Amino acid sequence: MSKFNFTRRAAMALTATAMVLGSSVAALAEDWKPQKPVEMVIMAGQGGGADRIARLFQSIIQKENLSNMPILPVNKGGGSGAEALRYLKDKEGDAHVIMATLNSYYTTPLRTDIGVDIAEFQPLARMAMDTFVLWVNADSDIQTLDDYVAAVQAAGGEWKMGGTGTGQEDSLVTAMLEKEFGIKHTYVPFKGGGTVAKNLVGGHIDATVNNPAEQMGFWQAGKVRPIVAFTPERLAVFPDVPTASEMGHDIVYWMQRSFVAPKGMPAEAVAYYTEMFEQLAATEEWQTYASEKALVADMITGDELQAYFLEERSKHDTILNSMAESS
Amino acid sequence: MDTLALLADGFATSLLPLNLMIVILGVTAGLFIGAMPGLGSVNGVAIVLPLTFIVPPSSAIILLAAIYYGAMYGGAVSSVLLGIPGASTAVATTFDGRPMAQQGKAGLALIAAATASFVGGTISVVLFTMFAAPLADVALAFGPAEEFALVLLAFTTFVGLGGDDVPKTIVMICLGLVLSTVGLDLISGQPRLIFGDLPGFYSGISFLVLAIGAYGVGEILYTIEKSRTSPTVTPAKITFKELGAGLRAMNRMWKTMSLGSFLGFFVGMLPAAGATPAALMAYGVARQTSKQPETFGTGNIEGVAAPETANNAASTGSLLPMLTLGIPGSPTTALLLGGMVMWGLVPGPMLFIEQPDFVWGLISSLYTANFAAVVINIALIPLFVWALRMPFAVLCAIVMVLCIVGGFAPSQKLHDVWLIIAFGVGGYLLRKADYPLAPLVLALVLGPLMEKSFRQTLIAEQGNVLAFFERPLSATFLCLAIVFFIWPLVGLLFTRDHKDHPHVPSKRPKFARTKKT
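Top to bottom, those sequences are chains A and B.
Position 121 of the first sequence, counted from 1, bears residue number 121 in our numbering, the numbering being contiguous throughout.
Every position in the second sequence, counted from 1, becomes a number in our numbering once 327 is added.
Just so you know, the hints here were simulated from the structure itself, not pulled from any lab data.
Errors might be hidden in some of the hints.
[As the list claims (entries may be wrong)] With a cut-off of at most 30 Å between alpha-carbon atoms, the simulated DSBU-like pairs for lysine-lysine come out as follows:
| # | chain 1 | residue 1 | chain 2 | residue 2 |
| --- | --- | --- | --- | --- |
| 1 | B | K495 | B | K618 |
| 2 | A | K263 | A | K63 |
| 3 | B | K740 | A | K33 |
| 4 | A | K315 | A | K89 |
| 5 | A | K33 | A | K89 |
| 6 | A | K263 | B | K740 |
| 7 | A | K89 | B | K740 |
| 8 | B | K759 | B | K495 |
| 9 | B | K740 | A | K36 |
| 10 | B | K568 | B | K582 |
| 11 | A | K263 | A | K315 |
Note that this is a predicted model, so its numbers are computed, not measured.
One chain only, chain A, in its complex shape (with noise of 0.2 Å):
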């Protein structure tokens, strides 16, 4: 077994001194195409941010014919997106699967041994930030962040807030909003943040740390409202929602929607992929849509991208370890 990846790794080695040395990387992206539909895991269930955006990324990419070959979306958000990371690992030197990330990239290896280690992927690229903000139902009496807190205080524990896996980005906000005031939720994991809003105008659950294109549809229905922005600056769609870091509270938090592939992904197909969305975040469609959902569109790709996410990694493993010590 060992040799044989010994092997395959001398053959990529090889494979990349000669595309050094021959032509530029442009060239050879122009040379490889994927050859049957190319698989595009989704770290989330449907109809979540994550879901959304990456449909939205397939509809596009077929659409403008920046891919020769189909893409096909794959649901694979068991377990905090353990499911996919496991997947992918199993996908080794495949060059017709990438991944649609998002935060649980890195908190679900993390938390749980699950054989999987994020440096050995090949990122693509980091095509925007999402952000988060706090919501309620329109017909609670909650307008302010002072409200809030008042609110949850007073259920003594009970106060239900649902967001996706435990563990996961939507429960890292809610533990820093409980540190920052001492407050105490009943956090209620769901299996997306589609399933979150429902159960908020529902009535279900009291509140939801979701990204503001999830809770979209509803706020212009005036289902729910938004109380504050956990972003450093106010969101242009909502002009009138406080950050909370201008209430003096430092609870910032962001969400990357990246794409990866597994670990031997042929260079020439990492190249073609890059350039796809390159050309992808370059089109109108998109733009819009990252403005109108709150998004930053804000694009790094490869060395650049493998830094950020270790990065992040080890910040998340101290978020991760100061909320086991809390709790």
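Got chain A sorted already, so can you dock chain B onto it with the hints?
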């Protein structure tokens, strides 16, 4: 009527020549996609999605709806002919459809399935047209507690309503529940029952693998054993006379079909449930309300009609949460949702107000797609039935290939192929021991949903089990579930005194399910 005017506008769009042609193409493609085990409407819609960008959005959504509908009809074809449910929604169709095919009545079963699908589709689209907006509120009222109660009800319609061996049914449900926990836990993210560290089990055991193994492979093994001396596949014929007889037979089943339609629509509408529990519940209820419940599972045409009306009605129903709440009820509706986002449409409560053209174009195309699907389906039945005339030795090999390919295609893991073979042998042995397979499959489909909603409720309610009874909707479902569970026991006491009581399922431990195959 405002609604009617809007619908008329919608028809003006969907009846354009281009759109009519798209409907016919889409339905035909969908039929074949649905009829192939392992290729469901998800694949169909995914493959076609890029094509939709060359036509206007309204035509595109019509194409997707047509494939969606066509695949729903097609699912029954492999259930009846091969005994393999092509999609989880068609499981219940095998219970009576397969025995009918074995008795040489495959044509009749397919006609029943097509007509029933048409009725279910039509009734549900009418319901959708009239009540879409208010019904969205019903979907919202469903939280985790209600989901749990509903799933439990779906289970009890199976345990309680059958006249089978109840202990064996319960054993199979438990086995199915154990299989459903394999993989990563939804809430904590910990792997469970992965047999050491077999990565193949991380994603759990998919419904398709179990169904293809237990039904497809198990069926082949069982038939080979039984037909060692003489081949038992009855060549099926289909004539216009039979077609007429089939339609007349359907005419007597309005009660079953309307029940199936309403049940299917309402269950399908709930974001978590969908068409599979709807079809199974409709089958259970049809069996219970039937005058001869013991004939269910042996080739009763009502046993085909009930689940087929329900699964088509549910597929319409599941569009409702997708359009009004932005929550896809099934993988296929998730793809439709992706398409809508691309066209700049924001699904949610405002869609009906801001994009009436799109919404009503879609609704009217459901009417045309449904009509086209029934016509094309009935026209193709002779072709499908013809496949059964093959010598058994040939058919058996083809079905085996379809089973393996169909099981491998969706995940492309050899792990699944080994599982299919293991389930095939297991299914064959269980069948020989007179264990019903349906509850096993049902438990695998519904188990994860039940577990998740149960735990979510307990977390939200601080571990208070009584919470399930404190909410009106979930309390109602739970009480119904208890009634359904106790009913056969009461019935058993009653049979001793009143032998002719029409609603009492007769207790024949072995009869109904074992003849089902």
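Taking the hints in turn, this is what the structure says about them:
no.: 1; hint: B/K495 / B/K618; in the structure: holds (24 Å)
no.: 2; hint: A/K263 / A/K63; in the structure: holds (29 Å)
no.: 3; hint: B/K740 / A/K33; in the structure: holds (24 Å)
no.: 4; hint: A/K315 / A/K89; in the structure: holds (23 Å)
no.: 5; hint: A/K33 / A/K89; in the structure: holds (22 Å)
no.: 6; hint: A/K263 / B/K740; in the structure: holds (18 Å)
no.: 7; hint: A/K89 / B/K740; in the structure: holds (13 Å)
no.: 8; hint: B/K759 / B/K495; in the structure: holds (13 Å)
no.: 9; hint: B/K740 / A/K36; in the structure: holds (17 Å)
no.: 10; hint: B/K568 / B/K582; in the structure: holds (24 Å)
no.: 11; hint: A/K263 / A/K315; in the structure: holds (23 Å)
Hint check: no violations occur; every hint is consistent with the structure.
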